[in-house]
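J.: Chain by chain, the residues:
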Amino acid sequence: MTTEKWIVDEALASLDDERPTEVDKDTLDKFVDTFSLHDPVIQRHRLAIYERMRERCPVVRSEAHGGYYSVSTYRDIYDLTHRPEEFSSFPLTIPPLGNPVQMIPIESDPPAHAKYRALVGRQFSPKTVAALSESVTEIVTELLDNIQGRTEVDLAREVALELPLRVILDFFVGAPRDDWQMLHDESIVMLQPDPNDPEEQKHEKAAAAGLRLESYFAGLLRQRRENGFGTDLISDLAQSQVDGEMLTDDEIVGFCLLLLSAGYDTTASAISRMFQLFATDHEIRDQVRAAVNDSKRLDVAVDELIRYISPVPGLARNVNEACEHAGIDLVAGDRLLLLWPAANRDPDEFPNPDTFVVDRKPNRHLGFGSGIHRCLGAHIARKEMKILIEQFFARMSDYRLDPDKEPLWHTGDTWGVKSLPVLFESIH
Amino acid sequence: MANCGEVEVVIDRDRCLGHARCYALAPELFDVDEDEGKSLSLLNPVPSNLADLAREGADACPEHAITVRPTE
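If you read the sequences in order, they're chains G and X. Residue 317 in the working numbering sits at position 317 of the first sequence, and the numbers go up by one each step. Residue 18 in the working numbering sits at position 18 of the second sequence, and the numbers go up by one each step.
Wrong hints could be hidden among the right ones.
[As the list claims (entries may be wrong)] If you anchor each label on the Cβ, the simulated ranges turn out as follows:
| no. | chain 1 | residue 1 | chain 2 | residue 2 | range |
| --- | --- | --- | --- | --- | --- |
| 1 | X | E34 | G | G66 | 42 to 52 Å |
| 2 | X | L40 | G | D243 | 51 to 61 Å |
| 3 | G | T248 | X | T67 | 39 to 49 Å |
| 4 | X | E34 | G | D249 | 22 to 32 Å |
| 5 | G | D359 | X | E34 | 28 to 38 Å |
| 6 | X | T67 | G | D194 | 42 to 52 Å |
| 7 | X | P47 | G | M182 | 48 to 58 Å |
| 8 | X | R69 | G | D359 | 22 to 32 Å |
| 9 | G | E283 | X | E34 | 42 to 52 Å |
| 10 | G | S135 | X | E34 | 15 to 25 Å |
| 11 | G | A114 | X | L40 | 17 to 27 Å |
| 12 | G | G66 | X | T71 | 23 to 33 Å |
[Claimed, not checked] Reference listing, derived: stretches of chain X covered by chain G, where coverage requires no fewer than 3 residues with Cβ under 8 Å from a Cβ of chain G:
| no. | stretch |
| --- | --- |
| 13 | 15–21 |
| 14 | 54–68 |
[Claimed, not checked] Here are the computed lysine-lysine pairs in the BS3-like style, where the Cα-Cα straight-line distance is at most 25 Å:
| no. | chain 1 | residue 1 | chain 2 | residue 2 |
| --- | --- | --- | --- | --- |
| 15 | G | K296 | G | K205 |
| 16 | G | K115 | G | K127 |
| 17 | G | K296 | X | K38 |
| 18 | G | K296 | G | K127 |
| 19 | G | K296 | G | K386 |
| 20 | G | K405 | X | K38 |
| 21 | X | K38 | G | K127 |
| 22 | X | K38 | G | K361 |
| 23 | G | K405 | G | K115 |
| 24 | G | K405 | G | K127 |
| 25 | G | K361 | G | K386 |
Derived from the structure by calculation, the hints contain no laboratory data. We treat Cβ as the ideally placed atom computed from N, Cα and C, and that holds for glycine.
Please take these sequences and the hints and turn them into a complete structure.
T.: Laid out in structure tokens, this is it:
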């Protein structure tokens, strides 16, 4: 019964400080054997589970969602992501989202992948992103204006979820402002299932919201074609060709959905968890705060936050042809779930992996993935986090979690906080 | 010993996947070409006062595509 699970999760939620929980080995082994990204109890004990997986390595099998292998060491994940010819990215999630057309470019394999990625690469380059600094600052200012002067604030709903969505809708999709609220609401239903809903209902609701968003984006595409193209990504894609062929409407609409799931929920989850972390671990908060006056130092700190939090729990690779990996015989169709946060706490790559090291260098974390599919939006994500941290510490007083309202986490293909009610200490 | 501490930067263009971490951290030393989105070195050899920055750019490369070594 899900209610029982939820009570366990709720009791634990406020304690989440991104450190391994203490769980006995037998229980951990059960979690490993039934590992799923959709289970709130597994989510709560994730870091202890990853440790156990690495102990039982090289590769462990989960019986959930039809069975698959969980990959948890840095070396194995790095290796698998650098063999895209052998390990396909379609479908990308376990269980699959069920989209019949591959989402470009994240589900594309070589050689087509490079052509699709090149279409959208420039819009996310460090130079393009640098030019957006001022606009991101304006959004952050507006969001902080909205909460400044109040004691009770929901830092997830009012800041973490708002910032990346506005960046995407404004700069990349070019959606009219009147539609933002609707797009916000539908995106939440699609990407952040209510943990209280039964499993089946979660998927039904998400799929229905996905369909409504698809028809919205299809309408936007039609409008652009009729009324003239702009500088946004939809306009760009609508005029692009790959090997002499125009992209199909399905591909363009699929890319818009990808922008939401890859660019919105990920950054939102990183930010919401960062806010929870600052409330549960004051030492980390103070270390980050001490870095804000030095731009390069803050860049390094932001990357360590991403390593430490890693909001995307795992993405799949699919075996194309029978092969051996790490001593296991794989057959075509076998699925592997690459657990980025597990790699990011692997002591073979990161000394003292469970310690937040504000000036950690080098820090080749896999929080943005790895290889040819490594996050296209990494530069804009970092930029959003950096500007938010700078402004937040400059303007806002300290806060604590509201003792009467628990943070609400969501499971799924990103792990973040849907609702984070806090109390600010003084009216700033 | 005029070139003491001077370093040479070598970018393996086959390994580079255009993540642009080197450029983001050390725009003084690296750039990204517009055609292929791959990194290129702007200053070679790199004088000793910028050698640490070059190493930082190399250490940040997710593909291990950048080598920094002392000039001959």
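J.: Indicate whether the distance between the beta carbons of X/E34 and G/D249 respects the range 22 to 32 Å.
T.: Given range 22 to 32 Å: holds, Cβ gap about 29 Å.
J.: So the hint says 42 to 52 Å: do the beta-carbon atoms of G/E283 and X/E34 match that?
T.: Since G/E283 and X/E34 have Cβ atoms about 43 Å apart, the given range 42 to 52 Å holds.
J.: Is it true that X/R69 and G/D359 lie within 22 to 32 Å of each other by Cβ?
T.: Given a distance of about 25 Å, which is inside 22 to 32 Å, the answer is holds.
J.: Looking only at beta-carbon atoms, does the pair X/E34, G/G66 fall within the given range of 42 to 52 Å?
T.: At 44 Å between Cβs, range holds.
J.: Verify this for me: three or more residues of the stretch 54–68 of chain X with a beta carbon less than 8 Å from a beta carbon of chain G.
T.: Our answer is that it holds, as 5 residues pass the Cβ test (under 8 Å) against chain G, meeting three.
J.: Please test the hint of 15 to 25 Å on the beta carbon pair from G/S135 and X/E34.
T.: 22 Å, holds
J.: Between G/A114 and X/L40, does the beta-carbon spacing fit 17 to 27 Å?
T.: 18 Å, holds
J.: Is it true that the CA of G/K405 sits at most 25 Å from the CA of G/K127?
T.: Since the Cα atoms of G/K405 and G/K127 sit roughly 42 Å apart, the hinted pair is violated (cutoff 25 Å).
J.: Against the range 51 to 61 Å, how does the distance between the Cβ atoms of X/L40 and G/D243 compare: consistent or not?
T.: Once the Cβ atoms are compared, 27 Å apart, the range 51 to 61 Å for G/D243 and X/L40 is violated.
J.: Given the hinted pair X/K38 and G/K127, is their Cα-Cα distance within 25 Å?
T.: 13 Å, holds
J.: Take the C-alpha atoms of G/K296 and G/K205, compute the straight-line distance between them, and say whether it is at most 25 Å.
T.: Given that 25 Å is the threshold and the Cα spacing comes to 43 Å, the pair is violated.
J.: Checking one constraint from the list: CA of G/K296 to CA of G/K127, max 25 Å. Satisfied?
T.: 17 Å, holds
The structure fails to meet hints 2, 12, 15, 20, 23, 24 from the earlier list, while all remaining hints are met.
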